[in-house]
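Colleague: Sequences listed follow chains A and B, in order.
Residues in the first sequence are numbered from 1 upward in steps of one, following my numbering.
Residues in the second sequence are numbered from 1 upward in steps of one, following my numbering.
For the record, the hints were derived by calculation from the structure and aren't laboratory data.
You may find that some hints are simply not true.
Reference listing, derived: stretches of chain B covered by chain A, where coverage requires no fewer than 3 residues with Cβ under 8 Å from a Cβ of chain A [unchecked claim]: (1) 15-27; (2) 79-85.
Reference excerpt, derived from the structure (chain A facing chain B, CB under 8 Å, subset only) [as the list claims (entries may be wrong)]: (3) Tyr10; (4) Tyr22; (5) Pro39; (6) His42; (7) Pro43; (8) Gln48; (9) Val50; (10) Ser52; (11) Lys103; (12) Phe106; (13) Gly107; (14) Lys108; (15) Leu111.
In silico lysine-lysine, BS3-like type, Cα no more than 30 Å apart, as pairs [what the hints assert, rightly or not]: (16) B:Lys70 to A:Lys70; (17) A:Lys36 to A:Lys59; (18) A:Lys36 to A:Lys70; (19) A:Lys51 to A:Lys108; (20) A:Lys51 to B:Lys11; (21) A:Lys56 to A:Lys103; (22) A:Lys103 to A:Lys70; (23) A:Lys57 to A:Lys36; (24) A:Lys56 to A:Lys108; (25) A:Lys36 to A:Lys56; (26) B:Lys57 to B:Lys70; (27) B:Lys11 to A:Lys57; (28) A:Lys57 to B:Lys70; (29) B:Lys57 to A:Lys59; (30) A:Lys108 to A:Lys70; (31) B:Lys11 to A:Lys70; (32) B:Lys11 to B:Lys70; (33) A:Lys36 to A:Lys108; (34) A:Lys70 to A:Lys59; (35) A:Lys108 to A:Lys59; (36) A:Lys57 to B:Lys57; (37) A:Lys57 to A:Lys70; (38) A:Lys36 to A:Lys103; (39) A:Lys108 to B:Lys11.
For clarity, every value in this text was computed on a predicted model and none was experimentally measured.
Virtual Cβ for every residue (Gly too), placed ideally from N, Cα, C.
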Amino acid sequence: GQQVMQIPQYQHVQEGEDFTTYCNSSTTLSNIQWYKQRPGGHPVFLIQLVKSGEVKKQKRLTFQFGEAKKNSSLHITATQTTDVGTYFCAGIKDPNSGGSNYKLTFGKGTLLTVNP
Amino acid sequence: DAGITQSPRYKITETGRQVTLMCHQTWSHSYMFWYRQDLGHGLRLIYYSAAADITDKGEVPDGYVVSRSKTENFPLTLESATRSQTSVYFCASRWGQGAVYEQYFGPGTRLTVT
């Protein structure tokens, strides 16, 4: 079945340092979504990427979707303590490869901790 | 504007008991989902529903039953709880068209099976 791998599993940074998490799929994706989950909270939708090579920014967060639509990354510039949490990518398998548009496959997430 | 609510938020039950987790959404979204979250496994899809009276299995459906008689409610029942079903359960609904959508999660139910 479809697998979505996410690395690293954990990342500890000093406040002000940059952070990147990477997501790789075993199959071509129709699109990819990113979620953030604060400790003790629930996943919150951040963004969706649909086009090959797409780059989107939200303030200090930059999201990229690979040209082959099999990988994605989330980069945070100058981390702040409010960035603490687990970041999940979630992919939707391309329907041309047998996927359906209602099933998200989640990566296991990257837990980011920030030392003030 | 409550969005998605789940009840109970915390539940402790014994092995073999039947437990029902409730999920209610106020948006009238067609699609709803149940996930479980366990350390080391991330979020895994248990069941989903495309509309009232339409449900289907996800990745880990064994031991669970769902129903959806009304669009706004999507209860999840553990027919005979086992310790391996100790987990945090999230309900979610989806807004959007086709493959372009946003998924909204409820606050979660932390279930412990003793």
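Colleague: Going through the earlier hints one by one, which of them does the structure break, listed in rising order?
Modeller: 1, 2, 3, 4, 5, 10, 15, 16, 20, 27, 28, 29, 31 and 36
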